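J.: Taken in order, these protein sequences are the chains called A and B. Reading the first sequence from the start, the letters are residues 1 to 75 in the working numbering. Reading the second sequence from the start, the letters are residues 1001 to 1756 in the working numbering.
The set of hints was computed from the structure by calculation and includes no laboratory data. Each hint can be trusted.
Taking lysine-lysine and the DSS-like style, the derived pairs with C-alpha atoms no more than 27 Å apart in a straight line are:
1. B:K1354 with A:K47
2. A:K69 with B:K1361
3. A:K24 with B:K1178
4. B:K1639 with B:K1395
5. A:K63 with B:K1361
6. A:K24 with B:K1182
7. B:K1178 with B:K1219
8. B:K1704 with B:K1606
9. B:K1063 with B:K1098
10. A:K24 with B:K1361
11. B:K1111 with B:K1182
12. B:K1639 with B:K1493
13. B:K1361 with A:K65
14. B:K1243 with B:K1219
15. B:K1361 with A:K47
If we take Cβ atoms under 10 Å as the criterion, some of the chain B residues that face chain A in the derived model are:
16. A1174
17. Y1175
18. K1178
19. D1201
20. L1362
Quick partial rundown of chain B residues pointing at chain A, CB under 8 Å, derived from the structure:
21. S1169
22. Y1170
23. S1171
24. K1361
25. M1365
26. A1366
27. E1372
None of these values were measured; they are calculated from a predicted model. Backbone N, C-alpha and C fix where the C-beta goes; we use that ideal spot for every residue, glycine too.
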Amino acid sequence: MTVEAIVGEVFNLDPWNVTDLSSKDTLAEWDSMGHLSLITSLEEHYKVSLSIADAMEMTSVGKIKSILKGYGISS
Amino acid sequence: MTDDRSTDDSGLRTFLTVLSSGHSDGSLLPSTLLLEQALERLIISSPQQAQELMAQHYEQVSKLDGKGRLADLLGRRLVEIKLLKEATEFVRMAFRLKWLGEGGVGVRLAKVLMQEGNHSDATAVLCAALEQDPANVAVVRGLYDSAAQSGDLQQAERYRGMLVTLDTSYSMRAYVFKERQKYPPPGRDVGIGVLSSYVLDWLIPYLDDECRRAGLSPKFHLAPFNQYMQEVLNPGSQLYAGKPDIVFLALALEDMFPLLGAGPKEEELSQVRSTIVEHVLTVIRELEVRCNAMIVVHEFSSAHRSGYGILDNRLAGGIAPWIAGVNRLLAEELSTHERAYLLPLDSVLSWVGKERSLNPKLSYMASMRLSETALHELARFSMRYIKPLKGLTKKCVVLDLDGTLWGGIVGEVGAEGVGLGPAAPGIEYVEFQRTLLGLLRRGILLAVCSKNNPDDALQVIRHHPHMVLREEHFAAMRINWQNKAENIREIAKELNIGLDSLVFIDDNPNERELVRQLLPEVHTVDLPKDASLYRRTIEELSDFELLALTKEDETRVAQYQAQSKRKAAKSTSASLDEYLRSLEIEIVTAQASREVSSRLVQLFNKTNQFNLTTRRYQAEDVGRFMASAETILYDLHVKDRFGDHGLVGAAVVRKGPGVWHIDSLLMSCRVMGLGIETAFLERICSDAAGAGVMRLVGEFRATKKNHPVTEFYAQHGFGLLREDGEHQEWELNLSQAGIARPAWIRVAEERKSDDR
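Isolated chain B (complex conformation) (with noise of 0.2 Å):
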């Protein structure tokens, strides 16, 4: 090969003849063929004139056959004559114009480039081959060594995630866990001990980068093999040193009873488990005490089929029923430890397949129970404890409509023309809505924002027969024209919470990438294009996890709920008398007792806006002035026909010789605006009127935040007494004047009388 780089330029002339009259003969075929091997002779000899030439005949040279086996070709050359400069133009335009579809070429050439130190020309020569070849893992690797070189952290980061996206073996694992040891880490600390009973080294790697992935800096310590009781009965051992955050302890079964495959005896199966329960019992119970961490304990699961056959599960002594049976106990006994949990194994490796998670000969060879695919599902499903540890929970789900909840567009196909239904095409939309459902029931909301006219979307949310989501279960709906990262920043702040707790799902992609890129803190999630494939989707999301479902996770969503209601009837009454009687309010006032104590001085201390005073009482003084004969300490609860809004109000209030002072008087900004604080008033009022005292002083304070209170006084009657700077006294004689309650508030009896 070598010799004909001499100076022929039989390819340069063929090649330009044929040019000029190939296609005036018509026969292209041939044509294409001679212009082939012209070009191929011409880049052994003349590389460079080559390059001109296929750069100036692009058009021609991308009809060829041949067109990726000669641009391969060139490149190489270029590369091995060291013509850096014309080999970056070549092969970058080779990528553009699709005459490479593969990266080889791209990857020699940017090895070659960054030994030159040239990292900027090698990484547009990658990112074009990545253009084309967007799986090649040698690209991503040149690519991330290019970012790495040149201290780009942040795109190092990327293209280590892209790495371990393409390639889940465990050695590429491991490769870019060693490579990530060596820069600062990204995130909040989460220490992760590991106990077990087999070898587990090679979970780190996955582990590692699913915590780095949820934004964690995860810190390891793993037990030496089989020396987990030593590590967890040691109080000065590593792991406790370590401060984890979270211990998981792995137990095979094998390990604990080896004769379990041999066909053991009822008597010893019942014996051993209760012996395998202890044990477990007995670690958890040590690490209880000796450190913080939540304790997540693998159920037991067995890959191998039962000497029995199919009669294990018809004999007491069967296999698959006694495993069963110690995980059953297992998890009864976890449960009535605050701190540990059970983790599913079982179930965990059915999801991948029992055949795929195990690899009988590592396990032999190693102590290795899992395989690589195990390892990488174990990992994600860890996270379904460290994402909710770390407060990484999400709160809110943000759904498009079309699309996305139901099939096709309701603007186009009308409200009755869209995709929900009991069969297929449209079933796996109402799949999808039935899993949302579940978990708004866990307490997570939901919420709308689409692109559409509000009527015709409600049209489908309102009344079509096969809707699952309907109005009552959004917590916040944005149905318009407007930008969605706009409508996104809205429904936060309407639901006041961050940005961060949000989950958005569409399956329009570019509305995906401009929520990506406008709230990066939005999670974005990728919707598959295939409908069937959402629910799984939203299944395999770790982010909606909690560690206990308590009565606010519940109520919470029936309180957003209520909300959502009374906005619906403030826009459907016509006039505010109207929508302030619909609403069917009912207020109790009472002397507080012990049990509201800690939700006064949450009161007291968080409530800026509906705030006379500001004085911010702790539980002492709340204890005060519930056992002071001298002071009345009224809670005010408020109820109407959407929900129960709880205790959101209190007031002090000093009793004088023939005047009654309110030293504070404060509500929660959730039911400003509806009369309440108006009825709230009068009842101090016929109070003091009704122990013979005509005068009422009340004061004010102003701060920054309460403002919206500053006429209240004046609003009601009052006169001004006296004002120093910031402070007011205001004051009512009640025997000329009093104070009207709303038509529209009713007054509940007191929940118990109280004669002080």
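So here's chain A without its partners, still in its complex pose (with noise of 0.2 Å):
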């Protein structure tokens, strides 16, 4: 599942409209409790325990993606 897949299935979008570009600025359901449900699915998706630096970081699907790779996750 490609980290656009689950933004897509998280915030309740069609996968097709996420990009890297989409944020916490534009996405509407993207609010605080969002951002831990994502976390979280995150987290259970690829088998992962990010720091909390990192998921406080994780704003945009680009950023999730660059800090994912750090954890040696290519998306």
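Both chains are sitting in their own frames, so use the hints and assemble them into the complex.
T.: In structure tokens:
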């Protein structure tokens, strides 16, 4: 599953409409509770435990992808 | 790939050649590969032709290893070139023939169909997909969207339920919760307040789902983060404005005592204990004064290991013993508050595992102390308070026998051969029966509904050495070859409880389906195939909770049991006379005293059949009869060999000069047909005679329901004195005739003498 697909699932959006630029500022559904839900889903899907600093930094799809690289995950 | 879509018909040619020659030359493997390749080319170049060929030669296609891939490819091609009608037809067929085992292409097609507004085809495709891929969330999502968009509210709710069952994550819960807010509430309202020292926002979608499954329409009020005290203390707060039915109070030890993890000193611990308990009690007292809600306090629980390690429970300052002590103290205090309950949070979390219950990151990032897994379990457990509060507690479990209460089929293996015993196999059924016996002790009735020869089944129930539940434990039994829905309806009638108070347990899925369809009000439990999970299945039901265990709960069972024994006696006694004698009926009649007034008022107002005048006397009338020297108010108590029926009859007699007048005479229909009424009347006669009165007049007023007693006075030798429409008066001259008390009834001494 791609990051786009996970973001689409968590926020109930068509993954085709999710891009690297999709972020907390562009998606209304991506609020603070939604952010936690997204972090949980990412951790569960990629079987990884993200540091709190990283989790808080993941505010756009592009950022999520580059941070995940640091965990050895290419998405 | 796109340049292949020209008019290349090599695929078609190869396909037909291989098909006509492939079977005869015996080289099946290469020919199937050839076929697959040919089909793939054809699908790309001429999908419509490929569809026709695959439909026509479906038997050959079914033999291909790559059929799933090919079907998926063709489905996508047809969608791509917008041949939606063909795509729908093909994809449905591919699911039906099990070429497609995974819902993907169906979901894709359904999405396009829905965009075109064609919900019926979209639904058909997705239903076909669901058959092959029943756990596919995307398929159910599609079905939900289609149902919601086409306005089928009932189906939409069904699919929402399936979605949260398939995907227990918070995001799915939250999505379904949001969707549900758009639709009118389905059931009875329940107002739920949540007060917490940590962030419990995520509990709401889980709790909402559980409430809706129970047929309730919940309205939530969640106090803003860490503002529960303001909400509690402010009489104008939103919490109270919402008039909650139930308030959950969830306080975390770590929030009240942050130094807990740092090895606090013994004196500090004991001081903090009383501060914490006093704080909780303050909240409870405020809530009790300001609203009518039931209050459910989460007990304290910690997932952290103690700094003292394995010495923790040896030390006076140990953390685990201290937490247990706080909870014990809370439990004691709360037991004196009628509306307050302590929710055993620690055992709720243990059920799913402490390690899975806490998400440290969410807790640090957002003060969310409980994980999704824990919230789900907590919501499920919370229903154990909400259901009884809303009167949703079930009253009776209807049980199948073969495969449910014991292993095997008694008609085939005989009474000795059934699976029941102290070791496996057999122990799992014994344990299941013990759990059911536990329910019975709580006041939940048990009944049997089995397709069996009664003799075979009773042989096991009466004589099998390892049977835990015996005849006396069942309030009703239906062992016959009738349709189970019919039997269950009869059981409900016999026990005089509603179908919606019944839980039906049967290992046979067909019987469950039948009952589910014919009697949707009955809660039919999905029993797992593996009998070692039966016990847990019952324990996990939140339908049997009581808010208090009253004496009635225990005696009610005894009464039903006595009733079933009486019936058993009736079927074994050769003659009616013998049966009546075997009951050893004993009656006590006396002038009623104050203690029984409320029961008398109840009898006057609800007795319909055996009621000669149906005068609905109220408490003040009863008081007046007791005080007056002109009237006698009799009460009638009945007992027999099997149990005490209690106060079941009453009569009002007005004393006049030379004549006594029976103003009212009534009796519960539970004791009709045993001659008790004759003994009761005889007692009134002998009292009159004892007072030197020789004329007795009995009144009768016909109602729609009292026809069983139309002939009552005539049968007892009274003559009709006068008649006026529905109203009759009957007379008996005691100097000429008397009434004989039935020989099988003993009249006990009065409980107390009264010389009025």
